[in-house]
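K.L.:
Let the hints inform the model, and build the full structure from the sequences given.
2 protein chains.
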Amino acid sequence: MDEWEEIEYKPIPVRTLLVEMKDLSELMIDLAYSSALFNNAELARDVLELERKVDNLALLLKMNVMIAARDAEDAKDLLGVSLVSSAADKISDAAADIAYLVLHGIGIHPAVREAFKRVEEQLGRFVVKRDSILSGKSLKELRLASRIGVDIIAIRRGNDWIIDPKGGDKILEGDILIARGAPSGIEELGRLAEGISRRLED
Amino acid sequence: MDEWEEIEYKPIPVRTLLVEMKDLSELMIDLAYSSALFNNAELARDVLELERKVDNLALLLKMNVMIAARDAEDAKDLLGVSLVSSAADKISDAAADIAYLVLHGIGIHPAVREAFKRVEEQLGRFVVKRDSILSGKSLKELRLASRIGVDIIAIRRGNDWIIDPKGGDKILEGDILIARGAPSGIEELGRLAEGISRRLED
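Protein chains in written order, with numbering that gives the first Met the number 0: chain U, 0 to 201; chain C, 0 to 201.
Hints listed in this document are in silico derivations from the structure and should not be mistaken for laboratory results.
Keep in mind it's a predicted model, so treat the numbers as computed, not measured.
Treat each hint with caution, since some may be false.
Since the list gives no way to pick out one identical chain from another, each pair is judged satisfied if it fits inside one copy or across any two copies.
Stated by the list, open to error - Each computed DMTMM-like pair below joins lysine to aspartate or glutamate, with the alpha-carbon atoms no more than 25 Å apart:
#1 116 / 25
#2 9 / 72
#3 116 / 73
#4 116 / 76
P.N.:
The following block contains the structure:
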């Protein structure tokens, strides 16, 4: 948290900014819960990085909203956008609170564990190794949902995040995959990303 | 929002309080999004009522945490509980912000609509009428998920809320059902709750 980007105004549709803020904030909550449940510092750091992204988006959105509003009617129209943006910001702060808990080495109290556990589904975070058969393939080709029952909810590529990637999105070597699914499927995805397993059966 | 309950200390396990706070705050986000999408003031008022519940639970939890902590070690253990409780509180505030948007008649900007829409699933809120075949039956008997593809995510009974009800929970006349599912299933549930449809096929 030592480097701060300077905020520079860019004309971006408020719709684009708002959708991204909302999607990121919800992803952050899922990541934060998992980071606490599995005491996973990497996930917790992802959450804090995403919080900076959400904060930046919130400032950009504020600027774009100001410039978009020319009269009282515009301002009233855009009030909703502004309120929803604050809401997404609060949700991302909440996720960050939980991430701090993990990074400060505060043990996970059984009550917290109880609150966060989701019996059916688990979250996994895997780096795609050079040998992985996932590398270079699109999600459409891989059909991970039908084959191993996991859903890729985000791909982190360097400093960029692809949230809720679509079928046409490709997985590249070095990508970090955030996936949700049944524990067995998540384990299998880990083996595929590592290159330990090279078979993806129908 | 004119009547305020006096907060009275009750010895309740922090685990129970925390799980309830977390479940309520997540339900509130879903309700808030739907209230905005469908401009539904009833859902928005539900959100504000639940916010009061979450606030009360947060205070009760604080008291129970104070009393539970006898030494520095306890206090460190309980720090996580306290942080997660604040996080749930922030999430519930965010949901309330969105509910205010609806209740203040601030129009839903297309950007907000875009951010909130979930293509696959819809939320419904229905009062169970006297003639409804749902009345007096348990969720296990009704098997709504397999029959019409909807999941009852909460039942409001007077001032009480049953969040994530289980198979043994019964639906009673006058209950308000909050359900999630495909639009066609939600419509069907509405007809069943109203008593317009009295057939539930396998």
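K.L.:
Each hint needs a verdict: does it hold in this structure or not?
P.N.:
We went through each hint and held it up to the structure:
no.: 1; hint: 116 / 25; in the structure: both (17 Å within a copy, 14 Å between copies)
no.: 2; hint: 9 / 72; in the structure: within (24 Å within a copy, 49 Å between copies)
no.: 3; hint: 116 / 73; in the structure: between (44 Å within a copy, 22 Å between copies)
no.: 4; hint: 116 / 76; in the structure: between (39 Å within a copy, 18 Å between copies)
In the structure shown, no violation is registered for any of the earlier numbered hints.
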